[in-house]
Amino acid sequence: MSEQRDHVRDDGFDDWLDAIENGEPYYLTCSEEHGFLPPRHVCPACGSADVEPAPLPATGTLETFTVTSVSTPTFEDDAPYVVAIADFGPVRFTGLVVERDADDVEIGMTVEPDVVSSETTGERVLAFRWCSTSWCC
Amino acid sequence: MSEVRVAGVGLTPFGEYAERTTRELFAEASASAIDDADVARTDVEEVLYGNFLGELSERQGHQGPLMAEAAGVQAPAARYEAACASGSAPVREAVKRIRSGESDVLLVGGAERMTNLTTGDATEALATAADDLWEVRAGVTFPGAYALMARAYFDTYGGSREALAHVAVKNHEHALSNERAHHQQAIAVSDVLEAPQISSPLGLYDSCPISDGAAALVLTSESYAEEHDLDASVAITGTGQGGDRLALHDREFLARSPATRRAGERAYDDAGISADEVDVAEVHDCFTIAEVLAIEALDLEPIGEGISAARDGRTTIDGDRPVNLSGGLKAKGHPVGATGTAQIAEIAALLRGDHPNSEYVEDATTALTHNAGGTVATAIVHVLEVVA
Ligand SMILES: [Zn+2]
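Chains A and B are the protein sequences, given in the same order. Numbering follows full-length UniProt numbering, in which position 55 of the first sequence is assigned residue number 55; successive positions increment by one, without gaps. Numbering follows full-length UniProt numbering, in which position 358 of the second sequence is assigned residue number 358; successive positions increment by one, without gaps.
Bound conformation, chain B alone (with noise of 0.2 Å):
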């Protein structure tokens, strides 16, 4: 089985560019990562890209082909849909690709344009990633799955909104030193709890924004990388997937992720590694709760715990297992097909030492990403080390 290398890393700014269009996006962030791989374009033999709301906001399907030609590649492509988890999708295809042998080098990436529309169209857009039937017609918005999720997990297992919003308040300060972030600013708990309500228990700040952006990768061989002299010292090492019936209401917990669970031991397994060798963890936060329930799933933090893991330190940036360096989905922005693939550059800047966070994890050698899908419908794990 070849060794899957990340060779390439490429991020435009996560905010608001209404007016950039994902195949615009998608240029900036695939020149960027071919760049930093210094591979021939004429080497890249597909290119698998993630996005999920592309009909609704450009009406604009069949993407895959638009994007290799926007990245200057001639290559069959194709594109991933899994809600958010749609740019994760399209690496864990591309790690089992490599891994067999069928390929050598592949660009791989996300986009999402989300500002061009309306809050309520975005909000309306977002919704579909719920069951149509069962949930959206009964009035349940993305946030409110989510605040359905939190009010169960505060009755099940304790805790607040003011530990919640720890959550937040980390990972805004996370992002403060990281320019592509779409909010570098500081706030407190206070400015959390005392935000206008959008799904109780979940107010503004409780949420990620809507954002637009792209995110890149170049993912090769160990042998291609090799020959070519390639600076590749991050690989993805494991890979997994978890999922769950699509509405919340017909799954075994209201307030646990079972794929997340599935999906992070399969990745640990995959990587014969355990929980406890994770030294930095990007997770999706795409609401404050969500970042409680991925780190109890993926046994980061014990079952009920989870709440108070932002409040007590431990997933800060200067605690034991930092978690959500980049500022996460919740500061660092959500364009969501972006978001998976975003969360592998980050990790990988972090692990070879130029992201302006890496000095906080300086002797990390292993590290993971997980990204969600509706209500962890799909979760997508991928374990990252230092291999060279």
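Excised from the complex, chain A in its bound form (with noise of 0.2 Å):
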């Protein structure tokens, strides 16, 4: 809808995504040891300033899904694809759910995260991949 000038990075948010395919994923936490993400300067649950990152669990847990038929034009070429909220402990975050058939994804499956490109845009978008054995993550 809205034209915007290519390339402005999202401070924090784009940084994230940039740890997550350098194999660093991480949160951000609070001296109450509260979990969150950026771009938070202050802890969302209990107001407190005195933030750091810390090294996010290596495997998260599909905790809910849908099969999007119907999406918004910039996911167009996507659809249908399937969208999931895993809880990785500490945060919970929400990401397409790739290398899977929709079937076949279920709640409670062990996913780690990664970032892909989406085929109607290109643009970067987080992303949950399975993990069937040890061997991937």
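Hint data in this document are derived by calculation from the structure and do not stem from the laboratory. Glycine residues also receive a C-beta, built at the ideal position from the N, C-alpha and C atoms.
Label-pair ranges, simulated between beta-carbon atoms: (1) Glu119/A - Ser358/B: 48 to 56 Å; (2) Gly120/B - Glu106/A: 25 to 33 Å; (3) Ser358/B - Pro57/A: 55 to 63 Å; (4) Val98/A - Glu252/B: 26 to 34 Å; (5) Pro90/A - Gly353/B: 49 to 57 Å; (6) Gly353/B - Pro57/A: 53 to 61 Å; (7) Arg40/A - Asn116/B: 35 to 43 Å; (8) Arg5/A - Val387/B: 51 to 59 Å; (9) Ile303/B - Ser48/A: 30 to 38 Å.
Combine the two chains into a complex, taking the hints into account.
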């Protein structure tokens, strides 16, 4: 709908995708050990400004998912696609489920985070890969 | 504290009116409300107006003054935005102003024009109610977000697509007599189950339509209503708002609506009533699962049992406590900025006896409206009571 300048980074968010791509995923945590994602300067749970990165657990558990058939124009060529929320302990986040048929996706499966390219726009998209065995993660 | 009276209500038909601008829609709704209230336009002290998508759908910001102009009112005006709760936010603000004694007569309303957008662009525009960085860029659409909640609900409490289908069937049945409803046609459970999937487990008939429309209210102080001998038997006696993190994955629960619970508790407390006293309710049913989550969070149903309320007849037109007698967002339609105001207009009409479904709630004295923004990162609840 609206045109934006190309390649303007989003502080915090793009840094986090870079970290996933570099195999060094992290989350942010406060002195009370609440977990949250960037770009946040204070803990949304307790308001503490004592914020530090910590290593993200390697795998998460898929908590819920949906197969989206009717997409926005920015995901037109990706549809139908699976979107899920996975729990990594201190944080949850949302991503595309890749390399797995929609029929085979189930709540409780173990996933690891990854970054893929949207088939529609080529933009980076946060994704989940299924870990069938210990060799993948 | 001054009591807040609903002196006038006005609604346009909800439906596909791509050619109608929001200023034109609001002109109609506000004229009806002012006529219904029988107040002088010169007595209106301020216009409080809700709208969500104006910049995206009409390239129009700064809509407050535009809408005062459309209403023929020379008064200060401002726009309120809270995603799909944009129509309740100005009502809540108006209630506070009248209670404080700051104002005696306010024109409150909302409008949305949506069907001039393509379905794809409307889907994209609505998705701006979710977290752009962490949800929309991961492929979350609005139906997708509610689908994530629906599957989490099934996994936590049980339930099925079939039980959800009864919510849609019920609300379509309620809209049959509501001539302003977007959809006035009965549907069967099989229609819902066989409809194309939009975002599994939700299909086309689990979703409210994309609609155009406007709603307006004239709210006055009790003293103004009495001095001017207004026919204003219904009062807004409770208001409450609850908030939550914007992104669904940041919430404590994926299958509950804590923001609705907080809004409901505050509104009940404010009105001095309990959930048991609610005779009839209009709740936010943008998707079938949304109605289930709402009635549970409002304590109208126990947690985990809201899913069966429509199927078992507890919330149907002849049930103990009908929910969404207007047809709800599902069948009446959901022009997002108008919805919250329209819920109050429908409830006021039901309570004063001039709604097509009033006969089903003849003895009702206490009612509730619930309007949600985004995936319920905002919830606004109002209690209405017959006072005169
Ligand atoms: Zn904290």
